[in-house]
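*Asks:* Heads up: the sequence shown runs through residues -20 to -1, 1 to 296, numbered per mature numbering (1 follows the signal peptide of the UniProt record, and there is no 0).
Careful, some of the hints might be misleading.
Straight line, CA to CA, 20 Å or less: simulated SDA-like cross-link-like pairs of lysine to any residue [unchecked claim]:
#, residue 1, residue 2
1, LYS(-4), PRO147
2, LYS281, LEU(-7)
3, LYS222, PRO147
4, LYS281, ALA(-1)
The set of hints was computed from the structure by calculation and includes no laboratory data.
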Amino acid sequence: MKRCAPLLSTSLFLLPKSIAEWSALVNRALTIPAKEVPRPQHLSFVDVNTNQTMSRNAGIPPNSESLRKSAVLLLLSGVASPPPSQEFMDMNILLTMRCSKMRTHAGQMALPGGRMDEGETVVQAATRECLEEVGVVEEHYNVLGALKPIWSHPSKSWVTPVVAVAPDVIFPQIRSPDEVESIHYLNVANLLCNSTKTHHEQIRHSTVLGTIRIPCFFASDDPLAAAEGWRSSTTPTVHPGKHGNGALVQVEEDNDRTPVRLDECDGTLVWGLTGAVIAEFIARVATAYNLRVPHSTPKVKLIPSGFLVRDPDRTT
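Taking the hints into account, I'd like the entire structure generated from these sequences.
*Replies:* If you want it as structure tokens, here you go:
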């Protein structure tokens, strides 16, 4: 596993140096009451017309408790590379791209997971799906807990994110090509300490919630490349006008953010339910981190990039 030199922009941040420290931090993050977790607006669903934050479970139909339930696995694992100068342990979040033929969330980034079978717990369902989709066995990681269930409008299902940490580097492989198109990663250090390059927003029209802004991120299909961003805070990851068709003109619904097209951003888009889960997890870990470090130590501040990814169906 790789432990990395200090972040250029946050050299004093004391990120975990071991699996034990990461596990303790994540455990603390999972137990903090929701009302005590500061949630920057860019990590929430926002009504574009009112600029007001919406409930994460807005628009839930009546009697939803009787509808089907699903579970996903938010799995953190170390980054393998030759050991350079070591300061903290680098960790990635495992993601998959769903096949384009899937009935729901087709072609989208997801956490390994799926529908719960009768009699299963959320942990059993999440670990089973991870094994079936990417071949990572339960013995290779430790389940720490879960986030509260979140409602999926497309699948009409309650989804519980189960959180786990792998003590060793994992090597996922596609085991279910009918479900998984490719494997991707988000780097935790980037999400925590490099938010001005990794925390973006996207506008979506014609959703069941109306026109909304939602959190989004961009993943890499290379676990080492995913970790590269923290090395240089000056390397751009968003390139307005990249393809020679000019930068987008800002309009009122952009709310002073810089609009960009999807193909002007490096990586693969993580949005929707998965983006919401990542947003909550990172907000919780940042809060847990800030509670554990000395008062004199700089705190994690989750500041957005200021870029707004336009709805792919409406990019003018």
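*Asks:* State for each hint whether it applies.
*Replies:* Here is what the structure says about each hint:
1. LYS(-4) x PRO147: 12 Å, holds
2. LYS281 x LEU(-7): 14 Å, holds
3. LYS222 x PRO147: 40 Å, violated
4. LYS281 x ALA(-1): Roughly 24 Å separates the two Cα atoms, so the pair is violated.
This entry does not satisfy hints 3, 4, going by the numbered hints stated previously.
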